Structures are given as structure tokens and as C-alpha cells.
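In order, the protein sequence lines correspond to chains A and B.
The first sequence begins at 1 in our numbering and counts up by one.
The second sequence begins at 1001 in our numbering and counts up by one.
Honestly, the hints are just simulated from the structure, not real lab data.
These numbers come from a predicted model, not from an experiment.
By construction, the Cβ of each residue, glycine as well, lies at the ideal position given by its N, Cα and C atoms.
Take the hints with a grain of salt, since some may be wrong.
Unchecked claim - The calculated DMTMM-like cross-link candidates involving lysine to aspartate or glutamate, where the alpha carbons are at most 25 Å apart (straight line), are:
1) Lys1145(B) / Glu94(A)
2) Lys128(A) / Asp1146(B)
3) Lys1308(B) / Glu465(A)
4) Lys508(A) / Asp435(A)
5) Lys1247(B) / Asp22(A)
6) Lys99(A) / Glu6(A)
7) Lys301(A) / Glu334(A)
Stated by the list, open to error - Rough simulated footprint, nothing fancy, chain A against chain B, three-plus residues with beta-carbon under 8 Å:
8) 1129-1141
9) 1258-1264
10) 1268-1280
11) 1305-1318
Unchecked claim - Cβ-Cβ distance ranges computed for the label pairs, FRET-style:
12) Gln1187(B) / Pro92(A): 29 to 39 Å
13) Arg169(A) / Gln1116(B): 55 to 65 Å
14) Gln1187(B) / Arg169(A): 50 to 60 Å
15) Val1219(B) / Ala461(A): 36 to 46 Å
16) Thr51(A) / Val1219(B): 55 to 65 Å
17) Asp1146(B) / Lys164(A): 38 to 48 Å
18) Val1219(B) / Lys508(A): 29 to 39 Å
19) Gln1187(B) / Ser184(A): 47 to 57 Å
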Amino acid sequence: MKDFAELYLNIDSTTSTNRKIDYLSAYFEKAGQRDKLWVMALFSHKRPRRTVQMRLLREWAAEYADIPLWLFEETYHIVGDLAETIAKLIPPTEHKLDKPLHKWIEELSELKDKADEEKKRYILEAWKSQDSTERFLFNKIITGGFRVGVSQKTIVKALSNYLKEDPARVAHKLMGDWTPNNTSFEELLIHAEPGDIISKPFPFYLAYPLEGEPEDLGPVENWTAEYKWDGIRAQLIKRKGELFLWSRGEELITHQFPEFTSLLSQEGDFVVDGELIVCKDDAIRNFQDLQKRLGRKKPGKKILEEHPAALIVYDIMELNGNDLRNQAQSERREILKNWHRSLDSNMPIRMSHDLKFKSWDDAKELRAGARDKKAEGLMLKSKPGPYKTGRKKGDWYKWKIDPLIIDAVMIYAQRGHGRRANLFTDFTFALKDGDTLVPFAKAYSGLTDSEFREISSFVRANTIERFGPVCSVPPVQVFEVAFENVGLSKRHKSGVAVRFPRILRWRKDKKPVDINSLDDLKALIR
Amino acid sequence: MPSLIQFGPKGLYCEKGGFYIDPWQPVNKALITHAHSDHARPGHKNYLCQSDSVALLKHRLSSNIKVQGQCFGKRININGVDVSFHPAGHIIGSAQIRVSDSQEVWVISGDYKLEQDKHIEPFEFMKCDYFVTESTFGLPVFHWKDQEETLQEINSWWHNNSSIKRPSIISAYSLGKAQRVIENVEQSIGPILTHGSVDAINKVLVASGIKLRKTKKLVEATEDEISRALIVCPPGAMDSSWTARIKNHAVAFASGWMNLRGARRRRGVEKGFVLSDHADWPGLNKAIRYTQASKVFVTHGYTDIFTKWLNSQGINAETVKTQYTGETVDNENED
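Isolated chain A, as found in the complex (with noise of 0.2 Å):
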């Protein structure tokens, strides 16, 4: 555990990624292979199964701290983050221990089934044997929500450079459902070859938001352009008469969509990406329609009729065993242009259409068309670029439409966590309905540091009534508010649904007087 401190510490002490990556490299020369494999697993959010409730961790903690639990409470509102409160606000360390790192996350995940009394004497005896971050880091091993700042990416890199080996190679044996506890250090990295494991996913490759205007791609010859949905991307696998469906954050979600089993019926392995959406009747419906499928882990018969889920597919990285991914995108686009006709007609798959343009212009055009077609905006791809791996320049982008816009009146604020801990960043807005107000988004981003700074310095002066960490405050803040997109919805109180929605600007030239109505929201469903 030592060793993971330091290098916690070294990481969390520094903002250059080539640091981050020496770091990293350094401690994989040093750590034992399942010291690694956890550090690892822990950087990309594959977390132990929680053993602890976080209700009884706060309750011992108030405890040994001899503090009364509404001050635990308080403080951790204001600390954002519950194993830095811990780690804070319990008695100095009685006696140093030092046990690996594997060890400690082996022995909590032992008492999954100890009843709460042992439980209790564990965790506080380990609080005794630890310094304060290796409190901090202990407790986060319970708590879940590693973030220190360290990507994929960075791994990818300290990996690649600790094993000497490629990382485009490293990245993809990095994909799929792996943990600590289902397979080794020398098992994944070294031993085995991607393609032994017929489940594996590739590295999706990830577009770069377009900044600027088209033309700054070079010719519009090179480039096509495709619309892009509003759902989930996902992987779907055909190998060795097995299927798998991975989503983009690397879960298998096979069971929950079994209308895809179908295609086992169909001749021939493939691996193809695409979006995963809901679409009856031939029309592709809304996200909030795929969200009702995403939230069930088994769909029963009822959803599955009413809410049937499709994949619209735009590249092909595999067929018939052979890896199509260097081959250029018009070459792949042929490919599964074939591959989609081969299919029989009856099943989930639809094909993600090549736009016809012949200028920057029309595609502009067809871009400001996107959302009737309840669409996102567009995908540009250049002709000759193959399928990459991870979020690189260069050949995908995603061109979004401009999003729609209203102006609304702050009636809550929350103090973020993390970086923003302390700070009020996270708001509700609320719109004119008659003579009251309806709150309809929260949003928490879209502000700077210094507006953040002053928006708080507003809500602590002007708090009506506390909750907890939320605090309401008059409606005199006007802000414009920005989404993707607007439905009706039975689940909000406002009966309107936004997506993404974040602020776009502090309007302090405007007053509560003149924000938008919730009809004027309504207006712009679609």
C-alpha cells in the first residue's frame, strides 16, 4: 500500500501527463503483478464489489471520531468527498502496517458475508494501521469513483512503455469485462493474444468534436458524412457461433437486448459498431425511449414489444476472422454495405446511410436539417482513414447542430465534489409557468472558475433554506441555458424532459422578469 501512496500522491501532485505516465511506469517496474492488475483495474473504474455499506462507514467513522453524526454529515457536505472526510476526521494513526495493496482489497471483499459487527472491527482497525492517505485511498477502495486524473489513455501509454510494447496492441487487450478476480497480470498482457478470447471488443475508435468550420478538413471529396443518433454506441460480436454486445464504457450487454440472438441465424463472424437506439414501426425514437430499455438487466415481453431496440451500423473491424481495421473507411464501407445486404430482412440491423453532398455547403445544409430527422448532427469520416484506436485526430469528427437555447431563473444550488468541492456548481433552473416558477434542468457545467466563485459568494449570502448540501436561493439569477434536445416526459414534474443540458451563459444583464415560459420550451418539441 506504501508504494500505491506514493504513487497516488505523485500523480495527484502533478497536471503534466507525460509525468503522470513516468509515474505510472515506474511504480509497474516495482509493484507486485496483482498489485499491478488492482491499480490497473482501479484507474479504469472496474471497482470491487462494494462490501460496506456507506451508511454504516459514516456511522463508525462519527463514532471513533467521537463527533455526533448531523456534524459527520455537515462536514462531509462541505468536504465532497466521503473518504476524505473520513480520512480527516478520525484519530491519528495507533500502529503502522504496511500490507499490499491486494491484500487490503482481497480482505474487504472477503467480508461480503461477515455480519456487521466484524465488518465494524475490520474497518476500524485498519483506519488504526494507516497513515492519512493510505486512509484516503483505502476508503476510496470502498467507496468507488477513482478519479485522480489519469485516462485510459495514460495507462495505455505506461503500460505500453513498461512492457515495451505497441499501444495500439495493449489497448485492445485491455478491453472487455476483465477484473483483478477473473484473470492475471500475466494472462492479460503478456501471455495472451487479443483474438484467444473470442469475446474481446476492439478499441472503439472515438470522433473529436469538429471546431471550427468544414472546410478546414481539405477537400469535400475525401469526407463523408453520415447522421448521427441519438442513442448508445456499441460493439456487437459474431465469433465461433457466440454473440456479444459491448457498450462503449466496455459492458456486455448481450442479455438485456436479446432481440439481437437473432443473428445467429446468419451465416459467417463479424464484429461491427454502430448505435444502439429504439426503433418501432421503422421510426427511430427518442433517447428517453432507450433509456427505458437500458435501465432493465431483463427485459420482459411488454418492453420488448413496445420499445424494440436496433443497431444502425456504420463500420465493420472484423469478418470472418480477418482484421478489417487498416483497411481505408470507403473499403470497410463497401464491405458492410454487403454484409448488411447478405442479411435477412427480418433482423435488428439497419444501415447508417452515406449522405449524398457535393459541397461544404450542402453538408451545412443537411447539418441544419439533423434534428428533423432526430438526428444529433452529422459524422464526417475521411475516405482513406483506417479504424483507429481510442480518441485520435484526424479522421472522424462529430458536427454536431447548434443546441437549443433558453433562458431561465437559478432556484437551487449544490456544492460540487472533487475539484469543485466547496463551491455551489451544481443549479436548478426553473422557468416561468403563469405565476409560479417550475424547475425543469439541473445543469453543473458551463461556468469558469471565477464565476463559479462568484455565484457562490451569491448563494451563501442569499441561502433562503438549507437541505442537506442543497440550499435554495430568490429567483433573481438568469442564466441561458442550453440542451440537446426536448420531450415530453410523465417522469418530470415540468412534463418536459431536456438532454445534456448545460449553462451557456450567466445573463446578469437580464431579470427574473424576462425568462422564458414552459411553453416556450414546449414549443420547441419536436
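Please arrange chain B on chain A, whose structure you already have, making use of the hints.
Using the frame of chain A, we list chain B on its own:
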């Protein structure tokens, strides 16, 4: 009901004595605990403060103000009310003000800390009937390490940087933290350089007879000196063209807020040293318990929470709304 001091719209008011303490609106006679701007405001006709604060008040407010200094411990009588100043340990010249008559003893502590510095008088524990306290760090997550340990961390950070010719910039408020850093770090590591606003305060203090270590302004230093130096600048100068001129520098922030990971990450500094001029949780509790006051008034900081805590511990406490800010987590400006 206590009557010697009231909490009025202009500030803490002693009607019998005809004076205010740290008022936020212009008054005839103001007693000032210390020279930070939320306690020492402009516009009063007469100021009374601890002797070391006189020059600071003139520097910060105006050279024309009418100000009188009084040394620690000396008791004077104002209209039948006894008044004395006692060390608060917060910054140079910071005082707790004791006000008493035959009925009541009050102590107004302003801002305070219990740690001992080399350059200022240590906090004096007081007994009183009514104690007015801050609660800037009034949460149980704030436990300061031994100050020597924190200074060692600063020394070794500076030493490591200077050995590879990397200038060390440390951000600290011009009045208070800057002098604390300058007077308490290990001098032999290298030269100590200052930002103009820190230098200005130091000059004022030296001119008024306070002994401080010799420092140089950054602009007067050679390249070689800069590469080995500890450079003390106010938070407002960080990320400005001023720090951009110093090549390949390392940056640290010295504040009690650096105890919180979120605040440290938001600052975006490589190093955060937990060095506070305010009392931590045990410190606040210790100072308050010692007073044996029958009532405690909490003026700024995490007032609601801290007041509730005191009451739960059997200490009669109440929050009063004032315009003191203490040191806020994202404050860029000087207090």
C-alpha cells in the same frame, strides 16, 4: 441579558464606552483587532489598535487617519469601561480586545490561531463572561500538523527546487502569511525574494521598528538568485504575467484550505502546504473552553455548524451576522 456590547447594524457596539469594535460602517471611535480589510475599514474618525498595527492601518487605509496605538496588556479606561489588547497570534499586531466593567467581561478575539511563530507574540488564553469567536476552520476535518513539520516540508521543497535551479514561488497573503513564511523558513537554503505588494508591507513594518529578515524584490534579483530563491507573492499575482516571467518555476500555496483536496486541485498548484493563520478545530475548541464564558458568539466561518456543535457540548453559543469574512476558500484578494 448582557448589555456591555451589542451587535448593531454598524458592528459590535459598546454604548457605555462610546466605541465600536471592528465596525463595517463609519463611526466616531473604532477599536481594531487587526489590519485585515474586513476588520479594519476606512472612514472612522478615531482608531485605536495594538501598537504594531498603527503603521499598517495608515498604510492600508490612509496616512491621514487619526490612530492611536496601545501595547499588549495595558489597561485603559474609556468612559468607565476598561479596555486592553491581548495577543491573538493571527498576524503582526493582531489582538483580542478585552472590554469590561464591574458587571461583565467581554473578549472580542477577531481572528486567531494557537500555533507559535518566531516573529509574533503567541495567543493569550483568556477568561471572560462573553467570548466573540471566529470559526473559519470550524469543522472537525481541520487538524493542523505540528507547524515545525509543515515548515520542514516547505524547506525541503524549496531545497529540492533550488538544487536543480528551479525557482520556488510560494503564494501567501501579503499581510500575515507572507511574513510568517519569510520569518520561519530556513534562511540558509537561498535568497528570499518578494512581490512588490509583500515588499511594501515589509517596508512599512520595518520602518515602524519591527525586525524582519532582509529580503529583496524580485525585480532587483539576478538570474542566479532567482533560480535558487523562495519567491513570496500574493495569491492574486499567481497565473499572471508576473509569475510567467519566472522561467521553469515551481508553485506552492500556503493556506489552511490546502488541507482539502478539492481546494488544492482547484488552485491547480503542484504543492499545497497546510499553513493557516486561523485556529483549527481542536484550537477553536481549546480556546473557547479555556474562557469558561457563559456565552459564546460566533461571527464568521462555518458559523451555523460550529454554533450547533458548541451547544451540543453544553456551551451556550449563538451565531451573529457580521461582515467579517476571515479567509475564504477561493479568496484571491487580501483580507
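Structure-based check of each hint:
1. Lys1145(B) / Glu94(A): The given pair, whose Cα atoms are some 16 Å apart, holds under the 25 Å limit.
2. Lys128(A) / Asp1146(B): Satisfied, since the Cα-Cα distance of roughly 20 Å is no more than 25 Å.
3. Lys1308(B) / Glu465(A): Holds: Lys1308(B) and Glu465(A) sit about 16 Å apart, inside 25 Å.
4. Lys508(A) / Asp435(A): holds (22 Å)
5. Lys1247(B) / Asp22(A): Distance ~23 Å between Lys1247(B) and Asp22(A) Cα, so the pair holds.
6. Lys99(A) / Glu6(A): Given that 25 Å is the threshold and the Cα spacing comes to 14 Å, the pair holds.
7. Lys301(A) / Glu334(A): Status violated; Cα separation ~36 Å.
8. 1129-1141: It holds, with 3 qualifying residues against the three required.
9. 1258-1264: Holds: 5 residues of the stretch 1258-1264 of chain B have a Cβ under 8 Å from chain A.
10. 1268-1280: Since 3 is at least three, the answer is holds.
11. 1305-1318: Satisfied; 4 residues make the cut.
12. Gln1187(B) / Pro92(A): 29 to 39 Å: holds (31 Å)
13. Arg169(A) / Gln1116(B): 55 to 65 Å: Given about 59 Å between the Cβ atoms, the range holds.
14. Gln1187(B) / Arg169(A): 50 to 60 Å: holds (54 Å)
15. Val1219(B) / Ala461(A): 36 to 46 Å: holds (39 Å)
16. Thr51(A) / Val1219(B): 55 to 65 Å: Given range 55 to 65 Å: holds, Cβ gap about 59 Å.
17. Asp1146(B) / Lys164(A): 38 to 48 Å: 46 Å Cβ-Cβ, so the 38 to 48 Å window holds.
18. Val1219(B) / Lys508(A): 29 to 39 Å: Holds - the Cβ-Cβ distance for Val1219(B) and Lys508(A), about 38 Å, lies within 29 to 39 Å.
19. Gln1187(B) / Ser184(A): 47 to 57 Å: With a Cβ separation near 54 Å, Gln1187(B) and Ser184(A) satisfy 47 to 57 Å, so the hint holds.
Comparing the model with each numbered hint stated earlier shows that hint 7 is the single one that does not hold.
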